[in-house]
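Using the sequences and the hints, build the whole thing.
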Amino acid sequence: MSYEIIGITVLWIFLYGYMIVASIDFGAGFFSFYSELKGEKHQIHPLIERYLSPVWEVTNVFFVFFFVGIIGFFPDTAYYYGTGLLVPGSIALILLAIRGSYYAFSTYGSKNNKFYLFLYGATGLLIPASLSTVLTISEGGFIVENDGQIQFLYKELFTSPYSWSVVLLAIVSVLYISAMFLTFYAQKANDNPAYMIVRRYALGWSLPTIIASLFVFFAINQHNPEHFENMVDISWVFVLSFLCFIIAVYFTWTKQRGGLAFIFVMLQFAFAFFGYGASHLPYLLYPYLTIYDHFTNDTMAITLIIVFILGLFILIPSLYLLVRLFLFDTEYVKGKKE
Amino acid sequence: MYLYDPVIFSRILTSFTLIFHIIFATIGVGVPIMIALAEWIGIKRNDPHYLLLARRWARGFVITVAVGVVTGTCIGLQLSLLWPQFMKVAGQAIALPLFMETFAFFVEAIFLGIYLYTWDRFKNRMVHFLLLIPVAIGASASAFFITTVNAFMNAPQGFDIVDGQLINIQPIVAMFNPAMPTKVSHVLLSSYMTSAFILAAIAAVSLLKKRKHVYHKKALKLTMIAALVFSVGTAVVGDFSGKYLAEYQPEKLAAAEWHFETTDKAPLIFGGILTEDNEVKYGLEIPYALSILSGNSINTVVKGLDDFDPELVPPLWIHYLFDLMVLIGMTLTTLALIYVLCLVIKKWNPHHPLLLRCIVIAGPLAMIAIEVGWIFAEVGRQPWILNGIMKTAEGATTSKNVDTMLYLFSALYLVLGITCVRVLRKVFRNYPAEEEIKQNGM
Chain E
1 MSYEIIGITV LWIFLYGYMI VASIDFGAGF FSFYSELKGE KHQIHPLIER
51 YLSPVWEVTN VFFVFFFVGI IGFFPDTAYY YGTGLLVPGS IALILLAIRG
101 SYYAFSTYGS KNNKFYLFLY GATGLLIPAS LSTVLTISEG GFIVENDGQI
151 QFLYKELFTS PYSWSVVLLA IVSVLYISAM FLTFYAQKAN DNPAYMIVRR
201 YALGWSLPTI IASLFVFFAI NQHNPEHFEN MVDISWVFVL SFLCFIIAVY
251 FTWTKQRGGL AFIFVMLQFA FAFFGYGASH LPYLLYPYLT IYDHFTNDTM
301 AITLIIVFIL GLFILIPSLY LLVRLFLFDT EYVKGKKE
Chain H
1001 MYLYDPVIFS RILTSFTLIF HIIFATIGVG VPIMIALAEW IGIKRNDPHY
1051 LLLARRWARG FVITVAVGVV TGTCIGLQLS LLWPQFMKVA GQAIALPLFM
1101 ETFAFFVEAI FLGIYLYTWD RFKNRMVHFL LLIPVAIGAS ASAFFITTVN
1151 AFMNAPQGFD IVDGQLINIQ PIVAMFNPAM PTKVSHVLLS SYMTSAFILA
1201 AIAAVSLLKK RKHVYHKKAL KLTMIAALVF SVGTAVVGDF SGKYLAEYQP
1251 EKLAAAEWHF ETTDKAPLIF GGILTEDNEV KYGLEIPYAL SILSGNSINT
1301 VVKGLDDFDP ELVPPLWIHY LFDLMVLIGM TLTTLALIYV LCLVIKKWNP
1351 HHPLLLRCIV IAGPLAMIAI EVGWIFAEVG RQPWILNGIM KTAEGATTSK
1401 NVDTMLYLFS ALYLVLGITC VRVLRKVFRN YPAEEEIKQN GM
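Note that the protein sequences, when read in sequence, are chains E and H.
All letters in the first sequence, in the order written, are residues 1 to 338 by our numbering.
All letters in the second sequence, in the order written, are residues 1001 to 1442 by our numbering.
Careful, some of the hints might be misleading.
No more than 20 angstroms apart at the CA atoms, straight line, and that leaves these computed lysine to aspartate or glutamate pairs for DMTMM-like [as the list claims (entries may be wrong)]:
{"hint": "1", "chain 1": "H", "residue 1": "1391", "chain 2": "H", "residue 2": "1163"}
{"hint": "2", "chain 1": "H", "residue 1": "1218", "chain 2": "H", "residue 2": "1047"}
{"hint": "3", "chain 1": "H", "residue 1": "1303", "chain 2": "H", "residue 2": "1394"}
{"hint": "4", "chain 1": "H", "residue 1": "1210", "chain 2": "H", "residue 2": "1394"}
{"hint": "5", "chain 1": "H", "residue 1": "1217", "chain 2": "H", "residue 2": "1434"}
{"hint": "6", "chain 1": "H", "residue 1": "1123", "chain 2": "E", "residue 2": "329"}
{"hint": "7", "chain 1": "H", "residue 1": "1400", "chain 2": "E", "residue 2": "156"}
{"hint": "8", "chain 1": "H", "residue 1": "1303", "chain 2": "H", "residue 2": "1285"}
{"hint": "9", "chain 1": "H", "residue 1": "1400", "chain 2": "E", "residue 2": "147"}
{"hint": "10", "chain 1": "H", "residue 1": "1123", "chain 2": "E", "residue 2": "331"}
{"hint": "11", "chain 1": "H", "residue 1": "1400", "chain 2": "E", "residue 2": "145"}
{"hint": "12", "chain 1": "E", "residue 1": "334", "chain 2": "H", "residue 2": "1047"}
{"hint": "13", "chain 1": "H", "residue 1": "1221", "chain 2": "H", "residue 2": "1047"}
The hints are simulated quantities; they were obtained by calculation from the structure and are not laboratory data.
This is the structure in structure tokens:
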């Protein structure tokens, strides 16, 4: 395998990791706020807090890892995306900053502050929407280069059906993923009232997720037919993704095996996400940037890969410890160990 | 007339982000060490007061960490958004430490979460203490890695430039550049020092409010002794930094010292103001001191500003910053020394109101010294973003809208700063240490 492929695979895995853990976080924030409005907060908020408090910072690192890594492996992305994304990137940053800090303020500091909870809930939907624009832009047509000047076409972005279908998919899947996770967590905690609420959320958001995915398929065909062709070539991946979806929903519907159901949710998104990523190759930014023509130098690539492997030796056991203490420790999940 | 210049706005926005981030980053690097010290002493002496100290510090710490994390994410991404051309080069040469920093950050994030939520989960207290070690190492390691990146900007090496392209890149050589040892050690020690003074100031405030519980006295003693050790260390490394500048960035040192003519037996000018025709007024001149600072001998020749291309000389107002940093550093070291003497000499009172008042001021002063020191280090590198290779203006974005982003981010930092202070005050006011001691039955 070439360094380029290794590099983009590593980054894509981390982006996938971020997508899953961040979705749980973003969605949970929204549900926390929504349950407050509906007067159900006391039932599910403690559950959400028990899970999120020890891990929220880790979620953020997945994101940092991705954008530092992509500059490391593909320095020219800084030039194209950096220049083009100033406004959407800054807005996403501001939202992330508000969310992260107000989460901490409300969890460790001023508890029961409704305004903080509102900020936390609202940003939970706005951030996925703003971050997903990066994926939209990577399809081409929104950044043009004229005489060495990078220009970002806001109007095209805001009027493109493709970009709106991606935003829709991002928001809907965030709610679906996090509801599915919370269903598993509530089941593990033996917390029946909370379980019934989050299961309702999960089933409610399952169908919209699939519909939104179909929208994106059609929109890609309109926007970037070359990419669509590549997707059709590996359509079996997307079929597998759909099968995983069916299984996950089936388990949730029949109230069995919450853990297994969530694994199928992860598989569903893994197939879709890696299928999307693979068919997008070799482009990082269509049609300006491929993974081959602006790769970092070989020495840096080897060093980064070595460091990455060494890093995993520390990271995997640490993550395992974290998960074991706060996710697979039934006593903790039930709220008996604080 | 209003002129839109992305370079100026990018510079202002970057400095705002960093100035705000540094407050929380400094706390983030230094406070885990102090928490570890308190918990260690608490376990070893079986003293619940020290354990409570660690616990209460950790409670406040996590709130500052949150702001540190989000502003750190901001600067991380802003580097690419505001300085795309620079990051293109940096990605080629110094992606390694940037990448390693995220690993250090990862470890810190994971273990901080575990540490905070397992206070009473292990029978053996030592297990819980051990969880803090990766947090402290992770915090210091991320400071280490990110400072090597900054050091590289001051002393770029580990590559060749052929036709404007970087080739023959050696990532390790780029990382271990000449500026690295002094920068890293100065950053680490000054962060430990500042955190110790800030925590000391908190203890001093409590004592001044006639809260005479032994808990606060223990807190003051621990933090002030640590502050003395770290401030002496900071001063020693500061001296090495001066020698580094004399050798590798003489224009920065000359601008900081208003040293115009190349000469040996160079005097050091402290304070003073500069007239329009570059004459120093009201300055305190210490004979030979600059030569000694540069090379430990009065015969060391120190390059003067006249020897440099005027276009490549940093602004001369950095002199005030340099002096302020050194002045604060020396004052605080003396203060810590006086406190420790009070502990040793039986007749002296370590809780004298005047001394306590000075310690209260020392906390914020230490933070000001950090800010001033960073501004000095960064502005002293102008006009370069990569010293001698790429000018700052060449690294900046060409985007429009940087001005709007500047206003948005300024508002964000203002709001975050105010809320953070309010939340911290609320947490500790509503649940003072005395009450917690009583509830825990100590």
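Evaluation of the provided hints:
Restraint check for residue 1391 of chain H and residue 1163 of chain H: satisfied, since their Cα atoms lie roughly 17 angstroms apart, inside the 20 angstroms limit. The hinted pair formed by residue 1218 of chain H and residue 1047 of chain H meets the criterion: a straight-line CA distance of about 10 angstroms does not exceed 20 angstroms. At roughly 28 angstroms between alpha-carbon atoms, residue 1303 of chain H and residue 1394 of chain H are farther apart than 20 angstroms, so this suggested pair is violated. For the hint linking residue 1210 of chain H to residue 1394 of chain H, the alpha-carbon distance of about 57 angstroms lies beyond 20 angstroms, and the restraint is violated.
With a CA separation close to 13 angstroms, the supplied pair residue 1217 of chain H and residue 1434 of chain H stays within the 20 angstroms bound. For the given pair, residue 1123 of chain H sits about 16 angstroms from residue 329 of chain E by alpha-carbon distance, which is consistent with the 20 angstroms threshold. Between residue 1400 of chain H and residue 156 of chain E the alpha-carbon distance is near 17 angstroms, which keeps this suggested pair within the 20 angstroms criterion. The hinted pair formed by residue 1303 of chain H and residue 1285 of chain H meets the criterion: a straight-line CA distance of about 18 angstroms does not exceed 20 angstroms.
Note on residue 1400 of chain H and residue 147 of chain E: the hinted pairing holds, with a Cα-Cα distance of about 16 angstroms set against a maximum of 20 angstroms. This hinted pair checks out: residue 1123 of chain H and residue 331 of chain E have alpha carbons roughly 16 angstroms apart, not beyond 20 angstroms. Only pairs whose Cα atoms come within 20 angstroms are accepted, and residue 1400 of chain H paired with residue 145 of chain E is accepted, the gap being roughly 15 angstroms. With a C-alpha separation of about 32 angstroms, the suggested pairing of residue 334 of chain E with residue 1047 of chain H is violated against the 20 angstroms cut-off.
A C-alpha spacing of about 14 angstroms is found between residue 1221 of chain H and residue 1047 of chain H, which places the hinted pair at or below 20 angstroms, so the restraint holds.
In this structure, the hints that do not hold are numbers 3, 4 and 12, in rising order.
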